[in-house]
Amino acid sequence: MKNTIKVERARKNWTQEDLAREIGISRQSVNSIETGKFVPSTVLALKMAKVFGVDVELIFQLEDQD
Amino acid sequence: MEQSKKIANRNSLIFALIYGATYLPAVWLLKYRVFGQPISIIIALVPVITFSIFIFKLIKAFSVMDEVKQRAQLEAVVIGFSLTAMLVMTLFLLSLCDISNPGWFGYANLLCFCWLFYFVGWFLSKKKYGV
Numbered sequence: 001m002k003n004t005i006k007v008e009r010a011r012k013n014w015t016q017e018d019l020a021r022e023i024g025i026s027r028q029s030v031n032s033i034e035t036g037k038f039v040p041s042t043v044l045a046l047k048m049a050k051v052f053g054v055d056v057e058l059i060f061q062l063e064d065q066d
Numbered sequence: 001m002e003q004s005k006k007i008a009n010r011n012s013l014i015f016a017l018i019y020g021a022t023y024l025p026a027v028w029l030l031k032y033r034v035f036g037q038p039i040s041i042i043i044a045l046v047p048v049i050t051f052s053i054f055i056f057k058l059i060k061a062f063s064v065m066d067e068v069k070q071r072a073q074l075e076a077v078v079i080g081f082s083l084t085a086m087l088v089m090t091l092f093l094l095s096l097c098d099i100s101n102p103g104w105f106g107y108a109n110l111l112c113f114c115w116l117f118y119f120v121g122w123f124l125s126k127k128k129y130g131v
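Chains as they are written, first to last, in this note's numbering: chain L, 1 to 66; chain G, 1 to 131.
Next comes chain L alone, as it looks inside the complex (with noise of 0.2 Å):
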């Protein structure tokens, strides 16, 4: 599973502690999904999709292998 959280942060102008905090999760969660070392529920994939204003497909895309 790849991601574009951080295309998505750098177009919003945000850290990873700004979006830890409006999501509700901590820094170190942020950074662990975004270098792809955890893939989250979809819950919080949904929140992520919310407070950047995009679609959640946007946002995560399956790879070949998955």
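Bear in mind the hints are in silico, worked out from the structure with no lab data behind them. These numbers were taken from a predicted model, which means no experiment stands behind them. Treat each hint with caution, since some may be false.
[Stated by the list, open to error] Computed cross-link-like contacts, SDA-like style, restricted to lysine to any residue with a CA-CA straight-line distance of at most 20 Å: (1) G:5 to L:3; (2) G:6 to G:89; (3) G:128 to L:16; (4) G:128 to L:27; (5) L:37 to G:47; (6) L:47 to L:65; (7) G:126 to L:34; (8) G:126 to L:31; (9) G:6 to L:18; (10) G:126 to L:36; (11) L:37 to G:40; (12) G:127 to L:31; (13) L:37 to G:70; (14) G:127 to L:26; (15) L:2 to G:67; (16) G:127 to L:35; (17) L:47 to G:64; (18) G:31 to G:102; (19) G:126 to G:77; (20) G:31 to G:47; (21) G:6 to L:21; (22) G:126 to L:12; (23) L:37 to G:59; (24) L:50 to L:9; (25) L:37 to G:125; (26) L:47 to G:75; (27) G:5 to L:17; (28) G:128 to L:18; (29) G:128 to L:50; (30) L:37 to G:122; (31) L:47 to G:65; (32) L:37 to G:127; (33) G:128 to L:36; (34) G:5 to L:24; (35) L:2 to G:130.
[As the list claims (entries may be wrong)] Examples of chain G residues lying across from chain L (beta carbon under 7 Å, computed): (36) 66; (37) 67; (38) 68; (39) 129; (40) 130.
Glycine included, every Cβ here is placed at the ideal spot set by N, Cα and C.
Starting from the structure of chain L, add chain G where the hints point.
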């Protein structure tokens, strides 16, 4: 939400310290002082009660963690439990071969190994998820 996480974490830490502060003196008293059996049982139960409260608070702290930290904790517990079960099984099998060393692998030591394995698991899962 952030405030409740901090309170839950602080409570679990406080009760961990209270547990430690009751467990070590209880062990010392039961080992080096002679009491009647009813008093000994009461002394032995005090750390059990504080440990129960600590575990309750710890579970509460887990429940307010975000999902990445919950996953890291789950993996830490799985690793800790598996390694402890493996050690106990190994000791049991060795005892069937008349090989045992209560000096290193008594009940008290097993408790220490159990916590040690949990912290090993915690270290590994923290490293894996970067939390």
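Results for each hint:
1. Between residue 5 of chain G and residue 3 of chain L the alpha-carbon distance is near 28 Å, which puts this suggested pair outside the 20 Å criterion.
2. Distance restraint check for residue 6 of chain G and residue 89 of chain G: the Cα-Cα separation of roughly 38 Å exceeds the 20 Å cut-off, and the hinted pair is therefore not satisfied.
3. Simply put, residue 128 of chain G and residue 16 of chain L have alpha-carbon atoms about 19 Å apart, close enough for the 20 Å limit, and the pair holds.
4. Proposed proximity of residue 128 of chain G and residue 27 of chain L is supported: the alpha carbons are some 16 Å apart, at most 20 Å.
5. Proposed proximity of residue 37 of chain L and residue 47 of chain G is contradicted: the alpha carbons are some 39 Å apart, above 20 Å.
6. Between residue 47 of chain L and residue 65 of chain L the alpha-carbon distance is near 26 Å, which puts this suggested pair outside the 20 Å criterion.
7. Among the hinted pairs, residue 126 of chain G with residue 34 of chain L is consistent with the structure: their alpha-carbon atoms are about 16 Å apart, no more than 20 Å.
8. Only pairs whose Cα atoms come within 20 Å are accepted, and residue 126 of chain G paired with residue 31 of chain L is accepted, the gap being roughly 13 Å.
9. In summary, the hint linking residue 6 of chain G to residue 18 of chain L is supported, as the alpha carbons are separated by about 19 Å, within the 20 Å threshold.
10. Distance check on the hinted pair: residue 126 of chain G and residue 36 of chain L sit about 15 Å apart at the alpha-carbon level, within 20 Å; holds.
11. For a cut-off of 20 Å, the pair hint linking residue 37 of chain L to residue 40 of chain G is broken: about 50 Å separates their Cα positions.
12. The straight-line distance between the Cα atoms of residue 127 of chain G and residue 31 of chain L is roughly 13 Å, inside the 20 Å bound, and the hint therefore holds.
13. For the suggested pair residue 37 of chain L and residue 70 of chain G, the alpha carbons sit about 14 Å apart, so the restraint of at most 20 Å is met.
14. Annotation: proposed proximity of residue 127 of chain G to residue 26 of chain L holds, straight-line Cα distance about 16 Å (limit 20 Å).
15. For the hint pairing residue 2 of chain L with residue 67 of chain G, the CA-to-CA distance comes to about 19 Å; that is within 20 Å, so the pair holds.
16. Between the alpha carbons of residue 127 of chain G and residue 35 of chain L the distance comes to roughly 13 Å, so the proposed pair stays at or under 20 Å and holds.
17. The hinted pair formed by residue 47 of chain L and residue 64 of chain G meets the criterion: a straight-line CA distance of about 17 Å does not exceed 20 Å.
18. In summary, the hint linking residue 31 of chain G to residue 102 of chain G is supported, as the alpha carbons are separated by about 16 Å, within the 20 Å threshold.
19. Using a Cα cut-off of 20 Å, the hinted pair residue 126 of chain G and residue 77 of chain G holds, with the two alpha carbons roughly 12 Å apart.
20. Restraint check for residue 31 of chain G and residue 47 of chain G: satisfied, since their Cα atoms lie roughly 15 Å apart, inside the 20 Å limit.
21. Between residue 6 of chain G and residue 21 of chain L the alpha-carbon distance is near 14 Å, which keeps this suggested pair within the 20 Å criterion.
22. Proximity of residue 126 of chain G to residue 12 of chain L is assessed by CA-CA distance (about 29 Å); at most 20 Å being required, the pair is judged violated.
23. Pair hint residue 37 of chain L plus residue 59 of chain G does not hold up; C-alpha atoms about 24 Å apart against a cutoff of 20 Å.
24. Taken as a hint, the residue 50 of chain L and residue 9 of chain L pair is honoured in the structure, with Cα atoms around 13 Å apart against an allowance of 20 Å.
25. Straight-line distance between C-alpha atoms of residue 37 of chain L and residue 125 of chain G comes to about 11 Å, which keeps the hinted pair within the 20 Å bound.
26. For the hint pairing residue 47 of chain L with residue 75 of chain G, the CA-to-CA distance comes to about 25 Å; that exceeds 20 Å, so the pair is violated.
27. A C-alpha spacing of about 17 Å is found between residue 5 of chain G and residue 17 of chain L, which places the hinted pair at or below 20 Å, so the restraint holds.
28. Restraint check for residue 128 of chain G and residue 18 of chain L: not satisfied, since their Cα atoms lie roughly 23 Å apart, outside the 20 Å limit.
29. Pair hint residue 128 of chain G plus residue 50 of chain L does not hold up; C-alpha atoms about 28 Å apart against a cutoff of 20 Å.
30. Under the criterion of a C-alpha separation no larger than 20 Å, the hint pairing residue 37 of chain L with residue 122 of chain G is consistent with the structure, at around 16 Å.
31. About 16 Å separates the Cα atoms of residue 47 of chain L and residue 65 of chain G, which keeps this hinted pair within 20 Å; it holds.
32. Of the pairs offered as hints, the one joining residue 37 of chain L and residue 127 of chain G holds, with about 10 Å between alpha carbons and a cut-off of 20 Å not exceeded.
33. About 11 Å separates the Cα atoms of residue 128 of chain G and residue 36 of chain L, which keeps this hinted pair within 20 Å; it holds.
34. A distance of roughly 11 Å separates the Cα atoms of residue 5 of chain G and residue 24 of chain L; the hinted pair therefore holds under the 20 Å criterion.
35. Taking the CA atoms of residue 2 of chain L and residue 130 of chain G, the gap is about 17 Å. The hint holds against a cut of 20 Å.
36. Contact between residue 66 of chain G and chain L, as hinted, is supported at the beta carbon level, the nearest pair being about 4 Å apart and thus within 7 Å.
37. For residue 67 of chain G, the suggested interface contact is upheld, since its CB lies about 6 Å from the closest CB of chain L, less than 7 Å.
38. The beta carbon of residue 68 of chain G comes within 4 Å of a beta carbon in chain L, closer than 7 Å, and the hint placing it at the interface holds.
39. Proximity of residue 129 of chain G to chain L holds as hinted, the smallest CB-CB distance being about 5 Å (cut-off 7 Å).
40. Annotation: interface hint on residue 130 of chain G holds; nearest CB of chain L at approximately 5 Å, less than 7 Å.
Violated hints for the displayed structure, listed by number in ascending order: 1, 2, 5, 6, 11, 22, 23, 26, 28 and 29.
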